[in-house]
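**Student:** Residue-level listing of the chains:
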Amino acid sequence: NAGVTQTPKFQVLKTGQSMTLQCAQDMNHEYMSWYRQDPGMGLRLIHYSVGAGITDQGEVPNGYNVSRSTTEDFPLRLLSAAPSQTSVYFCASSYRADLNTGELFFGEGSRLTVL
Amino acid sequence: AQKVTQAQTEISVVEKEDVTLDCVYETRDTTYYLFWYKQPPSGELVFLIRRNSFDEQNEISGRYSWNFQKSTSSFNFTITASQVVDSAVYFCALSNSGNTPLVFGKGTRLSVIA
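Protein sequence lines correspond, in order, to chains A and B. Under our numbering, the first residue of the first sequence is numbered 1, with each subsequent residue one higher. Under our numbering, the first residue of the second sequence is numbered 1001, with each subsequent residue one higher.
Derived from the structure by calculation, the hints contain no laboratory data. By construction, the Cβ of each residue, glycine as well, lies at the ideal position given by its N, Cα and C atoms. You may find that some hints are simply not true.
[Stated by the list, open to error] The following label-pair restraints were derived from C-beta to C-beta distances:
1. B:S1071 to A:P39: 29 to 39 Å
2. B:N1067 to A:M27: 25 to 35 Å
3. B:P1041 to A:K14: 25 to 35 Å
4. B:N1052 to A:M41: 33 to 43 Å
5. B:T1078 to A:R111: 30 to 40 Å
6. B:E1026 to A:V88: 18 to 28 Å
Looking at chain B on its own, in the form it has when it is part of the complex (with noise of 0.2 Å):
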């Protein structure tokens, strides 16, 4: 079974702080998929990132990085000197191959103040 667990219900950190969002996922699966997707106050889904089970390589894109470590079955997302467009839900999800559906996890509010 799969399953991916975002302890941190709801963050709140002043602008221009770090802030890292913690995701945990489970599966039995060797193959399987990682994903974080955005949901600003206005409602959409906006994919981020998709990360493959054989690519464990640190993945930086602007401000955002992501730190996948197979041994601890994490995928934290870091946000570095945060921004109040930042603010949103953040949701973590899994695949594994083949024909399976994402899985989400419950998401972590972020709330960046000015």
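Looking at chain A on its own, in the form it has when it is part of the complex (with noise of 0.2 Å):
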């Protein structure tokens, strides 16, 4: 029962460094989308997709790219990363682009840190 997996859970970066924050799903599940959290901010959508080859922006997507090349596959690139980008980034997924029918399935979690 892997469910919704990320990868890495820790990450160190430095100003302008690139790097790519792995999520992967078993579930079969169409949408999957990414959040950050921060304090007091409470979850931000970043990219969402509804099926493999389709994404869409979010409410706080600069600085990120998404694709989704395969239905179980949704990476987060940050391409010049940035101290503001330090943050805890969850991915999740549901059965159904219609989350009438299906909840939110979260990953545990990946912490970033931007010097």
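The task is to assemble the complex, starting from two chains supplied on their own in separate frames and drawing on the hints.
**Tutor:** And the structure:
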């Protein structure tokens, strides 16, 4: 029962470096999304995907890229890391893009620090 | 536009007290879905409940109960006889029908003191 798997769990970057946060789910979920969690700000949506080949921007997409080449994977790329991207990142998926019928399953989170 | 407001940033109660977490939402849609999630100190997000806009019945699950009132756009969460294990951050969230992602409130941190 892997569910939603995020890697790495912890990462420290220097300003300007690039990296990819990986997210994989083994539940054949159509819908996947990335949120960031910052103190006092709750969870804010970065990008989401309603199926392979389809992605869309959320509330705070700047500085992040995504792609969805397979149903299982939804990586989040930071092209040039900035200290403002220090956060905890959560990947989430749902069986149906219509959240009416499916609860959102979350990964364990990835804590990123940008120095 | 969708919006979820959790006005209570932090709440502290003594064990066995009842506590209510407030959630007020804004949406123009007539069909929408409301959620509550729990984030314990370990950091994972745990789904608690989903409610659609056509079902205003209150729900009770053990010590947890939810009061949905469309007239005041509120979906409040009450914990009866709180326990230390209830200490967590609780998030209320809203989704309109179709392919609309969840919008979360900023969360309420609940501390239950023994």
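**Student:** Does each hint hold? Answer for all of them.
**Tutor:** Verification of the hints:
no.	hint	in the structure
1	B:S1071 to A:P39: 29 to 39 Å	holds, 33 Å
2	B:N1067 to A:M27: 25 to 35 Å	holds, 32 Å
3	B:P1041 to A:K14: 25 to 35 Å	holds, 30 Å
4	B:N1052 to A:M41: 33 to 43 Å	violated, 27 Å
5	B:T1078 to A:R111: 30 to 40 Å	holds, 32 Å
6	B:E1026 to A:V88: 18 to 28 Å	holds, 26 Å
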